[in-house]
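A.B. asks: Sequence:
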Amino acid sequence: MFIKKVFTLWFLLAVIVCSGFFLLANAPIQYAEKSNVSVPQPSNNELLGYIQQYQFLISEISHALRKENYSFQLDYGVLPNDKIELLVSLPDKADTSTKQKIEEIMLNVLKENNLNPVFFN
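The numbering used here applies: residue 1 is where the sequence shown begins, and numbers increase by one.
It is possible that part of the hints are untrue.
With beta-carbon atoms standing in for the labels, derived distance ranges [unchecked claim]:
1) Leu-13 x Lys-99: 17 to 25 angstroms
2) Val-17 x Leu-90: 43 to 51 angstroms
3) Asp-95 x Ser-62: 15 to 23 angstroms
4) Asn-45 x Asp-95: 35 to 43 angstroms
With a Cα cut of at most 20 angstroms, we get these calculated PhoX-like pairs of lysine-lysine [as the list claims (entries may be wrong)]:
5) Lys-93 x Lys-83
6) Lys-67 x Lys-101
7) Lys-83 x Lys-111
8) Lys-111 x Lys-101
9) Lys-67 x Lys-99
No lab work stands behind these hints, which were simulated from the structure alone.
Beta carbons are placed, not taken as given, at the ideal position from N, Cα and C, and that holds for glycine.
Turn these sequences into a full structure, and let the hints guide you.
C.D. replies: Written out as C-alpha cells, the structure reads:
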C-alpha cells in the first residue's frame with residue numbers, strides 16, 4: 001500500500017514537472033505569435049513597377065559578374081523601407097575576397113547607372 005502511494009505521488013509529480021516544462025517552453029512561441037506586427041505588403045501593381053524599374057539593373061549586374069566568370073544566382077527584394085535588397089547566392093567555397101570583389105562590381109554597376117548605393121542593401 002505504501003509503495004502504491006509513493007508511486008502515485010511520484011507519477012503525479014513527474015506529470016506536473018513535465019507539464020511545467022512544456023508550458024514554459026511554449027511561452028516564447030505563444031508570445032511571438034501574439035506580438036506579430038503586420039508589415040504592409042506592396043500591391044501587385046507596385047511589385048510590377050519595381051520589376052520593370054530594376055530589371056535592367058539586375059541584367060547589367062548579371063552581365064558584369066558573368067564577364068568575371070563568377071558562379072552565382074542573383075535576385076532582389078523590396079524591403080518595407082522601400083530599399084532594394086540585392087541577393088547574390090554564391091557557392092559555399094567562395095572566400096571573403098571573392099565576396100568583396102562581387103560587392104565592388106555591384107557598386108560599380110550602381111554608380112555607372114547613376115543610382116545611389118544608399119537605396120540598396
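A.B. asks: For every hint, state whether the structure bears it out.
C.D. replies: Going through the hints against the structure:
For the pair Leu-13 and Lys-99, the beta carbons lie near 55 angstroms from each other, so the given range of 17 to 25 angstroms is not met. Distance hint check: the CB atoms of Val-17 and Leu-90 are about 48 angstroms apart, consistent with the given range 43 to 51 angstroms. A C-beta distance of roughly 21 angstroms is found between Asp-95 and Ser-62, which places it inside the suggested range of 15 to 23 angstroms. Between Asn-45 and Asp-95 the beta carbon distance is about 42 angstroms. The supplied range of 35 to 43 angstroms therefore holds.
A distance of roughly 29 angstroms separates the Cα atoms of Lys-93 and Lys-83; the hinted pair therefore is violated under the 20 angstroms criterion. Restraint check for Lys-67 and Lys-101: the C-alpha separation of about 13 angstroms stays at or below 20 angstroms, so the hint holds. Taking the CA atoms of Lys-83 and Lys-111, the gap is about 16 angstroms. The hint holds against a cut of 20 angstroms. Our distance criterion of 20 angstroms between C-alpha atoms is met by Lys-111 and Lys-101, whose separation comes to about 15 angstroms.
Restraint check for Lys-67 and Lys-99: satisfied, since their Cα atoms lie roughly 16 angstroms apart, inside the 20 angstroms limit.
This entry does not satisfy hints 1 and 5, going by the numbered hints stated previously.
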